[in-house]
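Asker: Okay, here's what each chain looks like letter by letter:
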Amino acid sequence: DAKTTQPPSMDCAEGRAANLPCNHSTISGNEYVYWYRQIHSQGPQYIIHGLKNNETNEMASLIITEDRKSSTLILPHATLRDTAVYYCILPPRGNNDMRFGAGTRLTVKP
Amino acid sequence: KAGVTQTPRYLIKTRGQQVTLSCSPISGHRSVSWYQQTPGQGLQFLFEYFSETQRNKGNFPGRFSGRQFSNSRSEMNVSTLELGDSALYLCASSLSWTGANTEAFFGQGTRLTVV
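Line by line, the protein sequences give chains E and P. Plus 54 on top of the position in the first sequence (first one is 1) and you've got the numbering used here. Plus 5 on top of the position in the second sequence (first one is 1) and you've got the numbering used here.
Just chain E, with the same shape it has in the complex (with noise of 0.2 Å):
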């Protein structure tokens, strides 16, 4: 199965940049990078996915390296609400299943 590598945590200021890193060295050519997050007690929430050219929506930006070994995501002006665990996903390959790793629990502070 391809992995991925998330830090366990991260602090980010109200109002400021969150920059979420990622690790998927061993993506393969045609998979794409997806991002969820889950706001405590909440169900998963998807918030973008990409190939190799960097993604931008209403939620976040998604930067990928060129070799595409590593990602990552970008929330432009993080708020109170944002504070969640987010999650770097590859898709699963053949039958198997989408796995969830422990992902980054992002704490944004006043």
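By construction, these hints were calculated from the structure, which means they are not laboratory data. Quick reminder that beta carbons are idealized off the backbone N, C-alpha and C, glycines included. A couple of the hints might just be wrong.
Listed next, the stretches of chain P that the computed footprint assigns to chain E, with coverage defined by at least 3 CB atoms under 8 Å from CB atoms of chain E [stated by the list, open to error]:
1) 34-48
2) 107-114
Straight-line C-alpha distance at most 30 Å; calculated DSSO-like pairs for lysine-lysine [what the hints assert, rightly or not]:
3) Lys106(E) - Lys123(E)
4) Lys106(E) - Lys57(E)
5) Lys57(E) - Lys62(P)
6) Lys62(P) - Lys123(E)
7) Lys123(E) - Lys57(E)
8) Lys62(P) - Lys18(P)
Following the hints, complete the assembly by docking chain P onto the known chain E.
Answerer: Then chain P, alone, in the frame of chain E:
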């Protein structure tokens, strides 16, 4: 467009009983996956159904089972409940099966407490 609906939201059962949880995916979505989340183990995959067929199954005992109906709604059943089955059970729906590069949308979950 309605999101993923899971019922019930909360449930309390006693050891040895069985329970059935329901998930209604987003309209048009044909894949439903189930996850168990506990504080110690995080999100763990139970099984995935696509077009009424189980595509994949996680490492859970046979007490955990599921099915999907022709309208894509899915149920999961846990028999002979144990205290360790207390968890948040999450359902995710997607247009296609999860290996097909498609995002998944999760419900709010059912919190099961076994006493």
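Asker: Going through the earlier hints one by one, which of them does the structure break, listed in rising order?
Answerer: none
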